[in-house]
Amino acid sequence: MYPDIDAAGLKGRDFLSTQDWSIDELNALFSLASRLKADRREGVPTRLLEDKTLYMIFFDSSTRTRNSFETGITQLGGHGIFLSPDRMQISHGENARDTANVLSRYGEAIAIRHCAHGEGNAYLSEVAAHASIPVLSMQCDVYHPCQILADYLTIREKLGDTKGLKLGVAWTSAPNYVRPISVPQSLILMMPRFGIDVTLAYPPEFRLQPEIEEQARANAAAAGATFEVSHRFEDAFEDADVVVPKSWGPLIHTQDHDEGIRLIESYPDWRCDAERMRLGKDHMLYMHPLPADRGREVTDEVIDGPQSVVYDEAENRLHVQKALMALTM
Amino acid sequence: MYPDIDAAGLKGRDFLSTQDWSIDELNALFSLASRLKADRREGVPTRLLEDKTLYMIFFDSSTRTRNSFETGITQLGGHGIFLSPDRMQISHGENARDTANVLSRYGEAIAIRHCAHGEGNAYLSEVAAHASIPVLSMQCDVYHPCQILADYLTIREKLGDTKGLKLGVAWTSAPNYVRPISVPQSLILMMPRFGIDVTLAYPPEFRLQPEIEEQARANAAAAGATFEVSHRFEDAFEDADVVVPKSWGPLIHTQDHDEGIRLIESYPDWRCDAERMRLGKDHMLYMHPLPADRGREVTDEVIDGPQSVVYDEAENRLHVQKALMALTM
Amino acid sequence: MYPDIDAAGLKGRDFLSTQDWSIDELNALFSLASRLKADRREGVPTRLLEDKTLYMIFFDSSTRTRNSFETGITQLGGHGIFLSPDRMQISHGENARDTANVLSRYGEAIAIRHCAHGEGNAYLSEVAAHASIPVLSMQCDVYHPCQILADYLTIREKLGDTKGLKLGVAWTSAPNYVRPISVPQSLILMMPRFGIDVTLAYPPEFRLQPEIEEQARANAAAAGATFEVSHRFEDAFEDADVVVPKSWGPLIHTQDHDEGIRLIESYPDWRCDAERMRLGKDHMLYMHPLPADRGREVTDEVIDGPQSVVYDEAENRLHVQKALMALTM
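Chains as they are written, first to last, in our numbering: chain D, 1 to 329; chain W, 330 to 658; chain E, 659 to 987.
None of these hints come from the bench; they were simulated from the model.
Honestly, I wouldn't trust all of these hints.
[As the list claims (entries may be wrong)] So the derived list for chain W, only partly shown, Cβ under 8 Å to chain D, looks like this: (1) Y384; (2) H408; (3) I410; (4) E423; (5) D427; (6) L432; (7) R434; (8) G436; (9) I581.
[What the hints assert, rightly or not] Some chain W residues close to chain E (C-beta under 10 Å, calculated; not the full set): (10) Q348; (11) I352; (12) R393; (13) F411; (14) Q544.
[Said to hold, decoys possible] A few chain W residues that don't get close to chain D, going by computed Cβ distances all over 10 Å: (15) G341; (16) G407; (17) E455; (18) G489; (19) A552; (20) E567.
Values in this document were obtained by computation on a predicted structure and should not be read as measured data.
The C-beta atom is built at its ideal place from N, Cα and C for all residues, glycine as well.
Please work from the sequences and hints to get the whole structure.
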């Protein structure tokens, strides 16, 4: 029924960043995701991973990530085990090597969410180095690749061919806590590879990791697309086809929490509202990975309005992750 | 194999209170519950919800509720995801609307337990308003409809036709914590609709919500049954066929916890013992939703004695909930 | 496909200690474990417990135990429910009798891990007394029978016939916390029954329960094997075929935590290193149930070296527990 799965040659592959996968491999994933989405809509069973086990290790809590992965593996006929380190013996000094080796003997994949700045990606990489089964990122301090897969599928579904589209990625102010930088970093890395022109707008203190911005620039150049950084909020909106206004912390500038909150509060006008939405093309999509800080990041009018595709975007987490699991496990 | 499921026309229906369902609908549920119970006893597979996902959101802990729902969905071939808000992004400001919309895109039903006085039912109702999949109550501050379904099935199994039976619902003293009022409220609402005469006994400070007592009276009148309130413990027992002696807090009288405990302690004699049990009919059933406060609410002699059907009652949670899921999901 | 399962006659049997099972019964389990292991390697489905539910109650956290049981029941087509008492109503005074009776009405087995000294085994025994479905130990304060099943299967796979082998069980120093005595106790109880000569080495204050050591001696005598206790670390290694160097607390000597840590710290040289490994036979296996305290209990050189079979041992937890569940549930 799904002859292309083996042809994709992705069994056993890790997925820590979209950067590690070729365009062909990513397209195989999107193609399978669309197929699985259609099958679900028609009630066709998709038991591609019968009785297989996915370990889901959450160093940080989540709604969409856990539910989309656990529901996804269920729909594929398998089982997801929800693990949090405070209930594992990781707190008794179990190292990544032991965790990787033991779980590799039991099940079929290890998914990890670990967003602690300076630690998460290192932990995922260490588990991946020792595991003989695929390690899938459910978000780290550097990347959130599954979110961006869902975003891309949503854009393609809504707007068709993505070549030449303009995507604005805009920092927003939301001072109740310091959010990770993985979403904008993953957006700017992958979107240009599909020919999308990206404008990234943030106040100076909110720059992303220099090597990530540099890679984004290289990716854009290789694909004949553009990647621009601006310190003016509106630049992300003007003439755009898609905009992702989203808060993150000044983590490259400072690790101090109070200073971070103070900086976030010093740009209260970086908020997505109807006026800014009018700067984009008429069909411009409003996207956000959720949960959004309503009233701070975005007005209710926009997030609940006709240009918002946030629930379609959330839904596509399910489909891209099912494709990811079916291809790698 | 189960042709009546579609005929019942309950796909997609919420279940927040038995009051929202007609007698015919409830009877369809009891009929399917009995069928599923028999099939389980004979080892017949009942994969009615294969690979379907039930979200179980617990704002309050539980043994019977979680295990009966999660085991039930397993026996139907589906999967239950146990969620507690402290590990979800509900604590990061995710609202009911987002939770409802996103989970509706992923799975097939949302079950919620939220007993906080003045909050639980409002939360369930808000999720139900936004969800496109059924929302099932696992107990709120106002209702505990699944418990009462199990109670009714147990009574019917033990005593046959329920018309004209007398049920006593008696408050008991159990001062270690303030319990919700949802069980007695759901009992007095549904039982009279099946022709059962209900006597509700409590000390004056432990009255239930006036509008619930009023609805119970209206339900009884419509069904040709009676509903009486007494402030004398023994009235619930005398000549009864079934008695449910159960503690609850003086929540309508006072929200103050210490005052609540003091009031509970001021009626130490409101306890079910062998002497009180002798006031009922010889076959009178002792029921309790568990966990019971042994020694305070009831003597061991009674709860472990021949009239006690507490484990049958607990078992029936499984069967009625399987029927509920099979009908709505 | 698995005709021997019914022939073994173990449906409904509890498993709290290997001592309760005959050699024939244990051999039936090992035989099925090897079969299930081979089937898994070849991708043969093993849905022996389709849609059956295993309750896993963890009073203490665990990685291997939870993941091996939950993955195991998944591979058998069933479902494991992870329960921790702080989220159950056990904390609201629910007693073992109610838990046992209610879960017996819902699912097919209850697995419990409860290591609190002086409490765990008593709790498991009480649940087993009331449950009508099998109760399986996932470790208590006295026994860790599943670990020892895995150890034995590993030894047999690596060394063939076990009669006449020498096993050293050696206490090691690891002062960061006081570990239970269940692993060495279960080792000395079961291994002699299979003809293995056991030498148990510990500093005087770290003796095991006298009745367990006595039973080990009786088991050895009945099987024509030997059981010896020594207070010299090296005695466990000399001429051995297998060594299990593992820390435990002086729990029989003192219940005082600080005194326990002080005593553990007073024997820093009781550590497994390459020098000690050279005392054994050339093929001597290094085993440890994990997590090991690297640097204190064992050097990296040994645990990551060619004689270490710790990951094979961890893997076999999966296979023996699948056999245990398939036989009893």
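Comparing the hints with the structure gives:
1. Y384: OK, holds: Y384(W) within 8 Å of chain D, min 7 Å.
2. H408: At 4 Å from the nearest chain D Cβ, H408(W) passes the 8 Å test, so the hint holds.
3. I410: 5 Å, holds
4. E423: 4 Å, holds
5. D427: OK, holds: D427(W) within 8 Å of chain D, min 6 Å.
6. L432: 6 Å, holds
7. R434: 4 Å, holds
8. G436: Hint on G436(W): holds, closest Cβ of chain D at ~5 Å, below 8 Å.
9. I581: 34 Å, violated
10. Q348: 27 Å, violated
11. I352: 27 Å, violated
12. R393: Given a least distance of 6 Å, the restraint on R393(W) holds.
13. F411: 8 Å, holds
14. Q544: 29 Å, violated
15. G341: The claim stands: G341(W) keeps its Cβ more than 10 Å from every Cβ of chain D (closest is about 15 Å).
16. G407: At about 8 Å from chain D, G407(W) fails to clear the 10 Å cut-off, so the statement is violated.
17. E455: 15 Å, holds
18. G489: At about 40 Å from chain D, G489(W) clears the 10 Å cut-off, so the statement holds.
19. A552: 40 Å, holds
20. E567: 51 Å, holds
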